[in-house]
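Visitor: Okay, here's what each chain looks like letter by letter:
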Amino acid sequence: GENVEQHPSTLSVQEGDSAVIKCTYSDSASNYFPWYKQELGKGPQLIIDIRSNVGEKKDQRIAVTLNKTAKHFSLHITETQPEDSAVYFCAASRGGSYIPTFGRGTSLIVHP
Amino acid sequence: EAGVTQSPTHLIKTRGQQATLRCSPISGHTSVYWYQQALGLGLQFLLWYDEGEERNRGNFPPRFSGRQFPNYSSELNVNALELEDSALYLCASSSGQGAQPQHFGDGTRLSIL
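Here the protein sequences come in this chain order: S and Z.
Sequential numbering from 1 applies to the first sequence in our numbering.
Sequential numbering from 1 applies to the second sequence in our numbering.
Bound conformation, chain S alone:
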C-alpha cells in the first residue's frame, strides 16, 4: 500500500520567515495530493491541493510543488504569521477505491 513520510515533525519559525514542509510517497499511481491545516480543537481544513498533471500551484502565501519523478511534494508558506501556527498534514491519493494516505503531521509554530 501507499506510504507517506512527512518532515519535519515540528517546525519553529519567526514571524515573517518562510516555512517548508516536505512529504514523500511510495505509490507512483498516486495522483492527488491535498494539504490540510488543523488548528487546536478543530478538524483538518483543506488549504491547497495539487494533481499529478501540475508541477506547482499557488494561493496567496501558500504554494505546493510536486516532483513526480522523485515522488515528493512540498508545502511552502511565505511571510508566516502567528495565525499560521497549527498542525499541517499532507496526503496522497490514487482515486478509485483507494483511501487517501496521510502523513503524520507537522506542528508549525510561528513566533511573533
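Hints are computed from structural coordinates only; laboratory data are not their basis.
All residues carry an ideal CB built from backbone N, CA and C; glycine is no exception.
Please note that a few of the clues may not be correct.
As the list claims (entries may be wrong) - Now the in silico label distances, taken between C-beta atoms and shown as ranges:
{"#": "1", "chain 1": "S", "residue 1": "P8", "chain 2": "Z", "residue 2": "G58", "range": "20 to 28 Å"}
{"#": "2", "chain 1": "Z", "residue 1": "R63", "chain 2": "S", "residue 2": "P82", "range": "39 to 47 Å"}
{"#": "3", "chain 1": "Z", "residue 1": "E82", "chain 2": "S", "residue 2": "D27", "range": "28 to 36 Å"}
{"#": "4", "chain 1": "S", "residue 1": "Q60", "chain 2": "Z", "residue 2": "R57", "range": "24 to 32 Å"}
Said to hold, decoys possible - According to the in silico footprint, chain S covers these stretches of chain Z (three or more CB under 8 Å from chain S):
{"#": "5", "stretch": "60-69"}
{"#": "6", "stretch": "77-87"}
Given chain S, put chain Z in place with the hints provided.
Guide: Chain Z in isolation, oriented as in the chain S frame:
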C-alpha cells in the same frame, strides 16, 4: 453551504459501554469517511461509506462499525469501549469515490473513564 457536522462534540463513557457518533456530510456529497485521531498521532482510517455501502475498512477490530443512511448521513458505533479508544473521531465527506477533496468536521472527542 453548511460544512460537515458531527455530534456530539464531546462524549464521556466508561469501559465496556457503547458509543454512537453521528455525522452529516456536505449537501451533495455521497461519501463519508471516519478517522480516529489519538493524542499526538496522525489520522488513522476507520471506515468509508459511499451510496449506503461500506467500501473500505481500516485495521480496527469489529467492535468498530457504522452505517450510512439514505440521506448520506452516517453513524459510527463503538462497542465494548476500552481506555485506548479515547480519541478525537473525525468524519469527512467527499463528492465521490477516490481522488476528491475530503472535507472534515470538527470531530467528536470521546473520553473513556
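Visitor: The structure should be examined with respect to each hint, and the outcome stated for every one.
Guide: Hint check results:
{"no.": "1", "hint": "S/P8 - Z/G58: 20 to 28 Å", "verdict": "26 Å, holds"}
{"no.": "2", "hint": "Z/R63 - S/P82: 39 to 47 Å", "verdict": "42 Å, holds"}
{"no.": "3", "hint": "Z/E82 - S/D27: 28 to 36 Å", "verdict": "32 Å, holds"}
{"no.": "4", "hint": "S/Q60 - Z/R57: 24 to 32 Å", "verdict": "38 Å, violated"}
{"no.": "5", "hint": "60-69", "verdict": "violated (count 0)"}
{"no.": "6", "hint": "77-87", "verdict": "violated (count 0)"}
Hint violations for this structure: numbers 4, 5, 6, all remaining hints satisfied.
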